Each structure stands twice: as C-alpha cells, then as structure tokens.
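Between the sequences and the hints, there should be enough to build the whole structure, so can you do that?
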Amino acid sequence: MLCLGLSGGLSKDYENSSDLPSTFMHDGAAVPVRDGRVIAAVEEERLNRIKHSN
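Take the sequence shown: its letters are residues 188 to 241, numbered as in the working numbering.
Hint data in this document are derived by calculation from the structure and do not stem from the laboratory. Computed from a prediction, not measured in an experiment: that's the story for all the values here. Even for Gly, the Cβ is constructed at its ideal location relative to N, Cα and C. Warning: the hint list may mix true and false statements.
[What the hints assert, rightly or not] Simulated restraints on C-beta separations:
#	residue 1	residue 2	range
1	Lys238	Cys190	24 to 30 Å
2	Arg221	Ser194	17 to 23 Å
3	Lys238	Met188	30 to 36 Å
4	Glu230	Leu189	18 to 24 Å
5	Leu189	Arg236	27 to 33 Å
6	Met188	Ala216	16 to 22 Å
7	Cys190	Arg236	23 to 29 Å
8	Arg224	Ser194	17 to 23 Å
9	Met188	Asn235	17 to 23 Å
10	Asp222	Ser194	16 to 22 Å
Pasting the structure below:
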C-alpha cells in the first residue's frame with residue numbers, strides 16, 4: 188500500500204489554534220510511505236528556502 192503523510196498548518200491563522208492536534212502545526216512536510224517503509228521525505232522550507240514556512 189502506498190500512503191502520503193502530510194504535516195503542517197493550513198495557514199498562519201491556525202498556527203496556535205487548539206482546534207488542530209499538536210502534531211499538525213508549522214513546518215510543512217510530506218512523506219510517501221510504501222508498505223510501512225519511508226520512500227522519501229521533504230520539508231517545505233527546504234524547497235522555498237523560507238524558515239518555518241507552511
């Protein structure tokens with residue numbers, strides 16, 4: 188099975204919101220996982236070169 192794991196705030200308005208779980212905040216990232224094994228991982232700030240970007 189192939190899954191995509193995402194993390195990161197939806198927008199700056201939700202950064203400190205108690206509506207979102209603590210594991211879903213700033214520093215957006217994506218990780219494809221196949222059969223329980225990580226294929227790759229990337230943080231958004233590595234792509235756009237802006238620290239703590241969403």
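Practice item. Go through the numbered hints given earlier and state which of them the structure violates, listing their numbers in rising order. Key: Hint check: 9 fails alone, others pass.
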